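Novice: With chain A's structure known, arrange chain B on it following the hints.
Chains A and B are the protein sequences, given in the same order. Under the working numbering, read the first sequence as residues 1 to 311, first letter to last. Under the working numbering, read the second sequence as residues 312 to 580, first letter to last.
No lab work stands behind these hints, which were simulated from the structure alone. Since the structure is predicted, the reported quantities are computational estimates derived from the model, not experimental observations. C-beta atoms are modelled at their ideal positions from N, C-alpha and C, and glycine is treated no differently. There is no bait here: all hints are sound.
Derived lysine to any residue pairs resembling SDA-like cross-links, with alpha carbons at most 25 Å apart: (1) Lys-190(A) / Ser-303(A); (2) Lys-483(B) / Pro-187(A); (3) Lys-128(A) / Leu-94(A); (4) Lys-483(B) / Thr-180(A); (5) Lys-190(A) / Pro-467(B); (6) Lys-501(B) / Gly-516(B); (7) Lys-190(A) / Gly-468(B); (8) Lys-485(B) / Pro-433(B).
Some, not all, of what chain B presents toward chain A, calculated at C-beta under 10 Å: (9) Trp-420; (10) Gly-425; (11) Ser-429.
Using C-beta positions, here's what the derived DEER-type ranges look like: (12) Val-169(A) / Ala-337(B): 54 to 62 Å; (13) Leu-299(A) / Pro-549(B): 54 to 62 Å; (14) Glu-527(B) / Pro-7(A): 53 to 61 Å; (15) Tyr-427(B) / Trp-239(A): 30 to 38 Å; (16) Asp-386(B) / Leu-277(A): 53 to 61 Å; (17) Ser-429(B) / Leu-304(A): 30 to 38 Å; (18) Pro-436(B) / Phe-8(A): 31 to 39 Å; (19) Asp-368(B) / Phe-8(A): 56 to 64 Å.
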Amino acid sequence: MSAGRAPFTLALILVVILAAGPFAPQWTLFLLTIALAKGLVVLGLMLLLRCGLVSFGQALYYCIGAYAAGMLGRYFGMSDLFTLMLAGMAAAALAALVLGYLLARYRGIFFGLLSLALSMILYGLLVKTEALGSSDGFHVLPSTLFGVRPADAWVRYAVLAVAALVAFVAALAVHRYLDTPLGKLAPAIKDNEIRVEYMGASARYAIHVKYVIAAALAGLGGALAATTVGHIDPEMAYWTTSGEFIFITILAGTGSVIAPFLGALIFGIIQTVAFGLSPNTWQMVLGASLLVVIVFLPLGLWSLFRRRKAA
Amino acid sequence: MAAILDAQGLHKSFGAVTAASDINVAIERDSVLGLIGTNGAGKTTFLNMITGYLKPDRGRIHYEGRDITALAPRDITRIGIGRSFQIPQLYASLSAFENMMVGIGVVLWNAGRGGYFSRGRPLVPGYDLPAEEVAERLLERFGLAEYRDRNAQVLPGGVRKLLDIALTMVAKPKILLLDEPTSGVSAEEKFAIMEMIVKAVRAEGTTVLFVEHDMEVVSRFAGRVLAFYDGRIIADGPPAQALNDPEVKRFVVGGALQRLDEAQSRPRA
Numbered sequence: 001m002s003a004g005r006a007p008f009t010l011a012l013i014l015v016v017i018l019a020a021g022p023f024a025p026q027w028t029l030f031l032l033t034i035a036l037a038k039g040l041v042v043l044g045l046m047l048l049l050r051c052g053l054v055s056f057g058q059a060l061y062y063c064i065g066a067y068a069a070g071m072l073g074r075y076f077g078m079s080d081l082f083t084l085m086l087a088g089m090a091a092a093a094l095a096a097l098v099l100g101y102l103l104a105r106y107r108g109i110f111f112g113l114l115s116l117a118l119s120m121i122l123y124g125l126l127v128k129t130e131a132l133g134s135s136d137g138f139h140v141l142p143s144t145l146f147g148v149r150p151a152d153a154w155v156r157y158a159v160l161a162v163a164a165l166v167a168f169v170a171a172l173a174v175h176r177y178l179d180t181p182l183g184k185l186a187p188a189i190k191d192n193e194i195r196v197e198y199m200g201a202s203a204r205y206a207i208h209v210k211y212v213i214a215a216a217l218a219g220l221g222g223a224l225a226a227t228t229v230g231h232i233d234p235e236m237a238y239w240t241t242s243g244e245f246i247f248i249t250i251l252a253g254t255g256s257v258i259a260p261f262l263g264a265l266i267f268g269i270i271q272t273v274a275f276g277l278s279p280n281t282w283q284m285v286l287g288a289s290l291l292v293v294i295v296f297l298p299l300g301l302w303s304l305f306r307r308r309k310a311a
Numbered sequence: 312m313a314a315i316l317d318a319q320g321l322h323k324s325f326g327a328v329t330a331a332s333d334i335n336v337a338i339e340r341d342s343v344l345g346l347i348g349t350n351g352a353g354k355t356t357f358l359n360m361i362t363g364y365l366k367p368d369r370g371r372i373h374y375e376g377r378d379i380t381a382l383a384p385r386d387i388t389r390i391g392i393g394r395s396f397q398i399p400q401l402y403a404s405l406s407a408f409e410n411m412m413v414g415i416g417v418v419l420w421n422a423g424r425g426g427y428f429s430r431g432r433p434l435v436p437g438y439d440l441p442a443e444e445v446a447e448r449l450l451e452r453f454g455l456a457e458y459r460d461r462n463a464q465v466l467p468g469g470v471r472k473l474l475d476i477a478l479t480m481v482a483k484p485k486i487l488l489l490d491e492p493t494s495g496v497s498a499e500e501k502f503a504i505m506e507m508i509v510k511a512v513r514a515e516g517t518t519v520l521f522v523e524h525d526m527e528v529v530s531r532f533a534g535r536v537l538a539f540y541d542g543r544i545i546a547d548g549p550p551a552q553a554l555n556d557p558e559v560k561r562f563v564v565g566g567a568l569q570r571l572d573e574a575q576s577r578p579r580a
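Just chain A, same shape as in the assembly (with noise of 0.2 Å):
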């Protein structure tokens, strides 16, 4: 699929869903609400995957984005489902502003694995904070649409609709952003750094900036989540939960900003059926696809659609 025909088909998929959605089964909305929350979190790592920077500690922005959110209903009562993403938003966002000064200097594992322990530091930090409901968590109060709580056979409906619009929005903004000279440096920043900074840019200042952007996507997933599941917990930070991220973001692939929306609803749909099949190896039958994507399909799941257009 060409880059230009993405704004379209984004498009045409957010029709599908607002069209379907009514109805559909109850419980698939739900997976696809999460589905887009967790593809949201996978747009921001394929941003930074772009430029050659695995974050094996995205986790952090999510469960910042989904605490600042429930902390918001817990100690202000707010519940609309805007107000909240928008908080963990710019949350999210916030601390990358500050975190990234650090992270921007380094490429490589020393990225990944110092991106790993700050997730893991907000983990110890909450898991710690009774007034959070240290390793419990807490609930998160059911959302609302401008002052309006939707009725209960509407409720998950109306939460993937928003979800839908939101995730069409940052996926649009991205699509636009990896057209500008700034988001069209990341393969140039993978590729050859001196020449970046031989051409007159700052590699430094295009990665911190994409940190902030893949930490806004982050935290805005991570709010989706918490009012769609209505609980949150520690394990948010935790690293499993950074690696499921880099898990989706293997199986989607970097080709499109559809892809990890992609990617994330057929992790979900394989992690259901699997849990299904057998509920204590699961696991086995991730890490087997994994696998099988991994050899036959090393640029992801995207290829897929490239190969058939090739062809």
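Specialist: Structure of chain B alone, referenced to chain A:
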């Protein structure tokens, strides 16, 4: 003629090795300079100090009257000093055309013309053409049109050299530093390639400094020669004068045996 670049009293040492010692050079606008010297004589160190990659231990560098000694490479690039590398520095996974487009993107970005909300096709400063056309034109000018869509990493060595230089030209530098532009190129092709480079670069009115080991190339293309030896400039003048300097004859052009010997006994600067 007014000096565009003025280096005064540059000194740089790496431990016990002195790579630059009391270098004083004023470079006139619109000139072509050849830098000669054996390996380790200090040529690349000199280029590295001008471009901010290395900071001199002592001395100052002025460009158009402004002190640039403490600036970072990207800032020096932005104000008009470009460089190519002895080993081409390209974006290996991108095609020749994409390499150019990344570079042009940076130029647009630095000029405040390629931002998130900019619309349409902004014109590249200095060329006043849209990005794609600048890329095509430069590829054409450096004889790279046929390699347009090939990945940089699979290009032949000489072509990579040319792409490396074409890439520096997107910013339309006022001074271009070329580090051994014809190394790795067969002797027969050297003149043709150098001819193309000088023609393409000079078409933009760019002042050129090039490092070269082939004295025939130097005398043909340089208007002035700087001969380096042991971190010092031992001769500075027109090719006919500099290449016939007794010291230069003895230390720089004095025979392959000595060059080989120097290369083996001296760390590369």
